[in-house]
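*Asks:* Sequence lines, in order, name chains L and S. Residue 140 in our numbering sits at position 139 of the first sequence, with consecutive numbering throughout. Residue 36 in our numbering sits at position 25 of the second sequence, with consecutive numbering throughout.
Note that these hints are calculated values from the structure, not bench results. Where hints are given, some of them may not hold.
Short derived list, chain S residues pointing at chain L, Cβ under 8 Å [as the list claims (entries may be wrong)]:
{"#": "1", "residue": "14"}
{"#": "2", "residue": "17"}
{"#": "3", "residue": "20"}
{"#": "4", "residue": "21"}
{"#": "5", "residue": "23"}
{"#": "6", "residue": "24"}
{"#": "7", "residue": "25"}
{"#": "8", "residue": "27"}
{"#": "9", "residue": "37"}
{"#": "10", "residue": "38"}
{"#": "11", "residue": "39"}
DEER-style ranges, computed between Cβ atoms [what the hints assert, rightly or not]:
{"#": "12", "chain 1": "S", "residue 1": "17", "chain 2": "L", "residue 2": "305", "range": "40 to 48 Å"}
{"#": "13", "chain 1": "S", "residue 1": "17", "chain 2": "L", "residue 2": "56", "range": "50 to 58 Å"}
{"#": "14", "chain 1": "L", "residue 1": "22", "chain 2": "S", "residue 2": "17", "range": "30 to 38 Å"}
{"#": "15", "chain 1": "S", "residue 1": "18", "chain 2": "L", "residue 2": "49", "range": "34 to 42 Å"}
{"#": "16", "chain 1": "L", "residue 1": "56", "chain 2": "S", "residue 2": "35", "range": "24 to 32 Å"}
{"#": "17", "chain 1": "L", "residue 1": "353", "chain 2": "S", "residue 2": "17", "range": "49 to 57 Å"}
{"#": "18", "chain 1": "S", "residue 1": "33", "chain 2": "L", "residue 2": "70", "range": "39 to 47 Å"}
{"#": "19", "chain 1": "S", "residue 1": "35", "chain 2": "L", "residue 2": "365", "range": "54 to 62 Å"}
Ideal Cβ placement from N, Cα and C applies to all residues, glycine included.
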Amino acid sequence: MFPGLDTGLSAHQGLFLNSWHFFAVAVLAVVCLRTIPMRYVRQAALLAFNFYFLSYFLYGWYPVLLLAGVLVGTYLIGLVKLKWGQNWPDGVVVVLVVLFWVFLFLVKDPDLLGPANPFHYRPVQLIGVSYLVFRSINYVVDVEILENRNFLTFVNFMIFFPTLLAGPIERYDRFEEFHSTFGYEEGPTLLPSLHRIANGLIKKFVLADNLMVFGIFMKPDQMELAWPLIWLGVMLQLAVIYLDFSGYCDIVIGLAALMGFPVCENFDRPYLARNVQNFWDRWHMSLTGFIRDYVFTPLTRLVMEKADRRRQFAWITAVYFFCMLLIALWHDTTWGFFVFGLLHGAALVGLQLFRKYLSPAVTRSGLGSLRDETAVAWAARALNYAFISMTILFWYFGVSGSLEIIKSMVKL
Amino acid sequence: MNRKHVGRDLAGAVWLAVKIAVILLLMNSGRTFFVYQNF
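Chain L with its partners taken away, still in its complex shape (with noise of 0.2 Å):
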């Protein structure tokens, strides 16, 4: 690690961002990926720095087989798929993807369905598994229409390191295009990169971690705080987090960059959004994009095919909501989480039975002038902020322990 530093975690137990061991292992990654001139040596090489970085993450045998199942078996599908062409029924796809779904969940949660769950009385620990399952799902739906779908194309987007950990998503398109050409050609130059993981790691390790000690997340017990305090961290609670992840998310593309994957963006200025679909389209982009296309979209496609055309707004404002309890929790299966997934999916569907029955009338009355001024645009930002940091409450409190923090807030 770096000098005075202390993750609290042992050097067993990953290859982490911040410590040397990482940034050797980043700088041969770069140096190799821009140098070598054989395309299939450069790709073998590639393959190499990724198992060795995995290697770090993976404890024992258990793990490895699963990653290898997933690997090939998500392989053999996509070769399945494409060997049956047009006969492949769309139905089979969708079990397909339901299956994924259901594998993750039961992976990341031992406890879930109890006994009943194949992980139950043996837990694995798959680093980034829910990227290895989102990653198959784009392979296996799209397999038809990607390109240079050989194995070791497959497996380095499968498991490039600089996204493994927590992303961004990558498409296996944008992924293979860069792939088997010198990508760092095409994208940003050495400063601008080096500029972004400096930034990155400003906004990480000194912005994030040094503004958690004066939010409640650090004190014992949060409730003994005084009552500004408590209003402070809680509205702290977005902050540190965007700068958290979108700091983490600065390292890895500036390292992606600098090795020739100008990898997708996955964050907008959340913090200026007026309401939570704008935040939604602004935060974790290449998630909210994942599940636009691989659930969203084909549950509306269905509702315009099948359902009655006066039901079909009831049914697409059920879907806006269930995507959101997807999203939910897929970060974890706790009630907590749950309840920020109903707290914003109610806000979603409250958002669009707005724009369906009472927008026209703000429209008509003369008030819609009123969106575009500043203050209220502003207005609306506070608003949104606030809820949203009020919300991620729920992550860390759990239930009882938010109303608890919430309660306080107001003074009851």
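Using the hints provided, position chain S relative to the given structure of chain L.
*Replies:* Same frame as chain L, now just chain S:
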């Protein structure tokens, strides 16, 4: 490459060095939210 570009790159490199100094001096790790959780 003209002088303007060289000057801009030099300023960028100095600014990067300042950022690295800030990171090394003020980094306070060990309290991770997202990264290293089993997503």
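*Asks:* Confirm or reject each hint.
*Replies:* Hints and how they fare:
1. 14: For residue 14 of chain S, the interface hint is violated, since the closest Cβ of chain L sits about 17 Å away, which is over 8 Å.
2. 17: violated, 12 Å
3. 20: holds, 6 Å
4. 21: violated, 10 Å
5. 23: holds, 5 Å
6. 24: holds, 7 Å
7. 25: Because about 11 Å separates residue 25 of chain S from the closest Cβ in chain L, which is outside the 8 Å limit, the hint is violated.
8. 27: holds, 6 Å
9. 37: With Cβ-Cβ at 5 Å, under 8 Å, it holds.
10. 38: holds, 4 Å
11. 39: OK, holds: residue 39 of chain S within 8 Å of chain L, min 5 Å.
12. S/17 with L/305: 40 to 48 Å: violated, 58 Å
13. S/17 with L/56: 50 to 58 Å: violated, 43 Å
14. L/22 with S/17: 30 to 38 Å: holds, 35 Å
15. S/18 with L/49: 34 to 42 Å: holds, 40 Å
16. L/56 with S/35: 24 to 32 Å: With a Cβ separation near 28 Å, residue 56 of chain L and residue 35 of chain S satisfy 24 to 32 Å, so the hint holds.
17. L/353 with S/17: 49 to 57 Å: At roughly 55 Å between Cβ atoms, residue 17 of chain S and residue 353 of chain L fall inside 49 to 57 Å, so the hint holds.
18. S/33 with L/70: 39 to 47 Å: Between residue 33 of chain S and residue 70 of chain L, where Cβ atoms are some 44 Å apart, the hint holds.
19. S/35 with L/365: 54 to 62 Å: Since residue 35 of chain S and residue 365 of chain L have Cβ atoms about 60 Å apart, the given range 54 to 62 Å holds.
Checked against the numbered hints listed earlier, the structure breaks hints 1, 2, 4, 7, 12 and 13; every other hint is satisfied.
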